[in-house]
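What follows is the residue order along each chain.
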Amino acid sequence: MQLRANSVSCRRGERTLFGDVGFALGGGDCLIVRGPNGSGKTTLLRTLAGISRPSTGNIFVDRDEVVFIGHSNAIKDQMTARENLEFWASVFGTADADDALKSFNLWEARNIRAICLSAGQKQRLSLSRIGISRRKIWILDEPTASLDADGSAAILSRIRSHCRNGGIAVVATHHEFEMPESKKLDLSRFQPSLRSGVRSAPESPQS
Amino acid sequence: MSVWEFANPARFVRIVGRILAPTALLSASLLAVGLVWGFFFTPPDYVQGSAVKILFVHVPSALMAINAWIMMLAASLIWLVRRHRVSVLAAKSAAPVGAVMTLAAMVTGGIWGQPMWGTWWAWEPRLTSFLILFLFYLGYIALWHEVDDKERAADLTSVLCMVGSVFAFLSRYAVNFWQQGLHQGASLSLDRDTNVHNAYYVPLLLCMAGFALLFVTLVLLRTRTEIRKQHSAAIAARINADVR
Amino acid sequence: MIALVIRDLKLAMRSGGGFGHALAFFFAVALLVPLAVGSDSAILVSVASGMIWVAALLASLLSLDRLFSIDFEDGSLEAIAVSPLPLEIAVCSKICAHWIATGLPLAAAAPVVGLLLHLPGEGYFWAVASLLVGTPALSALGAFGASLTAGMKRGGLLLSVLVVPMSIPTLVFGAKSIALAVAGASNTTAFLLLAATTLTAVAIAPFAAARALADSLR
Chain A
1 MQLRANSVSC RRGERTLFGD VGFALGGGDC LIVRGPNGSG KTTLLRTLAG
51 ISRPSTGNIF VDRDEVVFIG HSNAIKDQMT ARENLEFWAS VFGTADADDA
101 LKSFNLWEAR NIRAICLSAG QKQRLSLSRI GISRRKIWIL DEPTASLDAD
151 GSAAILSRIR SHCRNGGIAV VATHHEFEMP ESKKLDLSRF QPSLRSGVRS
201 APESPQS
Chain B
208 MSVWEFANPA RFVRIVGRIL APTALLSASL LAVGLVWGFF FTPPDYVQGS
258 AVKILFVHVP SALMAINAWI MMLAASLIWL VRRHRVSVLA AKSAAPVGAV
308 MTLAAMVTGG IWGQPMWGTW WAWEPRLTSF LILFLFYLGY IALWHEVDDK
358 ERAADLTSVL CMVGSVFAFL SRYAVNFWQQ GLHQGASLSL DRDTNVHNAY
408 YVPLLLCMAG FALLFVTLVL LRTRTEIRKQ HSAAIAARIN ADVR
Chain C
452 MIALVIRDLK LAMRSGGGFG HALAFFFAVA LLVPLAVGSD SAILVSVASG
502 MIWVAALLAS LLSLDRLFSI DFEDGSLEAI AVSPLPLEIA VCSKICAHWI
552 ATGLPLAAAA PVVGLLLHLP GEGYFWAVAS LLVGTPALSA LGAFGASLTA
602 GMKRGGLLLS VLVVPMSIPT LVFGAKSIAL AVAGASNTTA FLLLAATTLT
652 AVAIAPFAAA RALADSLR
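Chains as they are written, first to last, in our numbering: chain A, 1 to 207; chain B, 208 to 451; chain C, 452 to 669.
Each hint can be trusted.
When the alpha-carbon atoms are kept at most 20 angstroms apart in a straight line, the in silico SDA-like pairs for lysine to any residue are as follows:
hint	chain 1	residue 1	chain 2	residue 2
1	C	Lys604	B	Asp355
2	A	Lys102	A	Ser118
3	B	Lys357	C	Leu668
With the Cβ distance kept under 8 angstroms, some of the chain A side facing chain C (calculated, not the full set):
hint	residue
4	Ser52
5	Arg53
6	Val66
7	Asn73
8	Lys76
9	Gln78
10	Ser90
Quick caveat, the hints were computed from the structure, so don't treat them as lab data. This structure is a prediction, so every number in the text was calculated from the model and none was measured. Backbone N, C-alpha and C define an ideal beta-carbon position, used for all residues, glycine too.
For reference, chain A alone in the conformation it holds in the complex (with noise of 0.2 angstroms):
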């Protein structure tokens, strides 16, 4: 299992985001993304994810075994958490709602709509995805995102648990993250450099 980029660079509409975005990541990985608001985080999550085609460079990864966490939480406000967890677990060929529900703290929430969930539940209800996807390439977009101190702890306990057990993660965050272990990536080293059209020099992630 592994997740590769090779000399990836990416594009929203006419400007740049980043250039040469290298790395190669083995089971037991995991990558922290940085970088400012606007310097391609999401875009650069959503390439991996397949969801999105890099302009030049390369990706290599087994799609069978992606799952993604975005921004949008995909939850239907007028379905049940459980409801809507029902679902994913079919569309996943999974039965694992009920498990998911209960590590993530959901169990006493299952049968509100999701509408008067609050915005942490929501991040819980969300992020349950990776439990019943069952795959092993989380890429994770601000998976902390309006979620107590509790709950962000559970959540990095969780990641690391995964790639102890040879799982990858890759994680875009504004927060400090605890995890020394973790490669890390700073996407506004790879911003083009304009004035002389020549990108930085490429750096690869450092341990």
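Starting from the known structure of chain A, arrange chains B and C on it as the hints suggest.
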């Protein structure tokens, strides 16, 4: 030289710069000769009088209205398969020209129909098909307008052009079927083969060639404009980013 | 696939009148016709078969606007794109759900509208039959149109401009199926052509729409 050499935007612009003036000139002279010959130096039809002479505009514009769509279909297909930017920009440029040709065919049809059929507009299968084709052109142009991202607009309009072609084709047969049932269309339909007098043949051919070249000229010109617009947008984006 | 159909139907019911709106619009148009052309029975009879189809087309069109754009905005589409469910199959499910929520009720309500428009007795069976066979094409073409406008803030009007021309064959063959039966002529050809148009639309639309959705997500 391979056809795909045109796919390079810079080379395309260079080639267009060289051939634009000759094609424009040739088109203008063909049209001038064909139309003057057709309007003033052919005998009036013994049934329709001189009203028939509008066919020198009507027939070529109708022909190009359909050919423009076929050209757009081919160009869209090339974009989807080989992703040559010039190709999809050519399709984009051809759409308004094709729409105007369709409109011209309908208007001249109406002007012709007024003295012949006693009405400006008849729900005759051919005219109706052109109205439908016009709607397809409008939809295609509108979709280009509505999508901001250039790449996405190119993809979406190309898919629309391909699916639209299937249903435009079906509509043609549907409309034939529809008319047939409502009333016998013989009195209203014009069978052009029997109408075209030998004396009209050569000037009509000249007009057709003139319209075809006019179409080519306009599409080349508009495609070049589109390429330059994209270049300037790219430069503007770079300057903006620099300032930032 | 069935899960998606069930989810969509559930959402249609819970968001209030997913089934009802199209049906209500169908009747509203049927009400407008006599008010516009007059209540003279002879006139109504001559336009009834066509107006049933025009009303059905408009009602089906009306409910398309949000077919993909809600899923596009809330991230469901993006999540489906990274799931074992191919987008083509997702589009098929959407078409099924839309047809069950609009086409089916329209076909069921056709006799009542026929009655209001003084449709002669021979027409009732064919009104229901032609709507049953023809409306899947409207759902399929509508799904294609909706996929093209999914990423837009206000795609409703453009959607109609795109879908109406493509629906012309269905409208012509559908209305003809009723009109010929009413006139006492054989409508077999019209009805078979209607079925053929539906098959064409249903065969093409999922692939074209999936392609368009993937482009819009990118």
